[in-house]
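Student: First residue of the sequence shown: 4, per my numbering; consecutive thereafter.
Incorrect hints may appear among the rest.
[Stated by the list, open to error] Only pairs whose alpha carbons sit at most 25 Å apart, straight line, appear in this in silico DMTMM-like list of lysine to aspartate or glutamate:
no. : residue 1 : residue 2
1   : K155      : E248
2   : K225      : E238
3   : K219      : E248
4   : K155      : D141
5   : K252      : E238
[Said to hold, decoys possible] Label pairs and their in silico Cβ distance ranges:
no. : residue 1 : residue 2 : range
6   : P287      : G143      : 38 to 44 Å
7   : P36       : T295      : 32 to 38 Å
8   : N146      : E72       : 38 to 44 Å
9   : E248      : P269      : 44 to 50 Å
10  : Q235      : E149      : 19 to 25 Å
11  : E59       : P90       : 22 to 28 Å
Derived from the structure by calculation, the hints contain no laboratory data.
Just so you know, even glycine gets a beta-carbon here, dropped at the ideal spot from N, CA and C.
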Amino acid sequence: MNYPTSLNRRRWILAASSMIASPLLSAQGNDRPPIRILIGLPPGGGTDAIARYIAERLREPLGQAVVIESRVGVGGRLAADALMTAPPDGLTYMIAPNATPTFQTLVYGSQLKWNLWRDFAPVAGLTSYPLGMAVNADIGVSNAREFVQWVKANPSRASFGTPGTGGQNHFLGVQFAKVAGIDLPVTPYKGTPPMITDLLGGHVPAGVSLMDELVKHQKSGKLRIIGIFSEQRSELVPDIPTFAEQGYKVSSGDAWTAMWAPAKTPPAEIARMQKALQAVLARPEVKEYMMTRLSVFPHFRNGQEMAKLQREELATWEPIIKSSGFRPE
4 MNYPTSLNRR RWILAASSMI ASPLLSAQGN DRPPIRILIG LPPGGGTDAI ARYIAERLRE
64 PLGQAVVIES RVGVGGRLAA DALMTAPPDG LTYMIAPNAT PTFQTLVYGS QLKWNLWRDF
124 APVAGLTSYP LGMAVNADIG VSNAREFVQW VKANPSRASF GTPGTGGQNH FLGVQFAKVA
184 GIDLPVTPYK GTPPMITDLL GGHVPAGVSL MDELVKHQKS GKLRIIGIFS EQRSELVPDI
244 PTFAEQGYKV SSGDAWTAMW APAKTPPAEI ARMQKALQAV LARPEVKEYM MTRLSVFPHF
304 RNGQEMAKLQ REELATWEPI IKSSGFRPE
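The whole structure should be built from the sequences, with the hints applied where relevant.
Tutor: Right under this line is the structure:
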């Protein structure tokens, strides 16, 4: 199979979107209605690309059409709102990063229409991946220590971009600034693509994101990745040091992407989707594509493993967020 180059990724996403959104049934002749997968983050970003790639490959093992439905806004909250009100009939799911269930719950709490444990059923974990910080190459730094020195020398220019506020990217940057003893304000964007555009243009000196876009632009010489927030170096980017090994002990483990269903979805339907997802993620060509083109690991976890992971992550981040003093607008 010939995959699109990274430079043509957005063109490929649009083409895939058009193809997936067409409610055609598979050749197996199953007459069930299409399955909807809700996506809450902008087209062109990492989560959207992961979801569309997986969704297209679910058609064969499910024997059923799969439709991507974008409900973009408020850090994925609109997609979660739609999932909460969807019938629990096995025809509607949501793919989202951990930022949606974990950080929306911890930051916005009572403002949410939904409750993570009451309204959603975790179906499966799909991917895991490191998050990193990159800087515009023109500021002339190549590692975390040099960036800290640059921030101290250029306080009026210092900030870091994130694809929104109140998410893992945001709080990793806050933690880094705290550990480094620097003043580093956050500049929020409505998704990753506009943040990357401003980072490339020098309108923001640094940004926190997943590796896909950062690696591509580091290869072109426009960005420099100064560290990742994982506990150990990642196989995806083995040449990039962790912040901890550079003297800044900031780590939260890897970020991840998963699928949820409405609460009370029949266990048989969830099991059917889990089996299809596990089959897709086990394919060698899927692993190769995800690692080389999307800079993520395919990482299947079942529903019980996902529930355990969610509880652990909530427990880890709750004191960090409280101590940060962040208050949503």
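Student: Take the hints in turn and mark each one as holding or not.
Tutor: For each hint, the structure was consulted:
1. K155 - E248: holds (21 Å)
2. K225 - E238: holds (23 Å)
3. K219 - E248: Within the cut-off at roughly 24 Å; holds.
4. K155 - D141: Judged against 25 Å, a Cα distance of about 17 Å means the pair holds.
5. K252 - E238: Satisfied, since the Cα-Cα distance of roughly 20 Å is no more than 25 Å.
6. P287 - G143: 38 to 44 Å: holds (42 Å)
7. P36 - T295: 32 to 38 Å: Hint holds: Cβ distance 35 Å, inside 32 to 38 Å.
8. N146 - E72: 38 to 44 Å: holds (42 Å)
9. E248 - P269: 44 to 50 Å: holds (47 Å)
10. Q235 - E149: 19 to 25 Å: Hint holds: Cβ distance 22 Å, inside 19 to 25 Å.
11. E59 - P90: 22 to 28 Å: For P90 against E59, whose Cβ atoms are near 24 Å apart, the range 22 to 28 Å holds.
In summary, the structure agrees with every hint in the numbered list given earlier.
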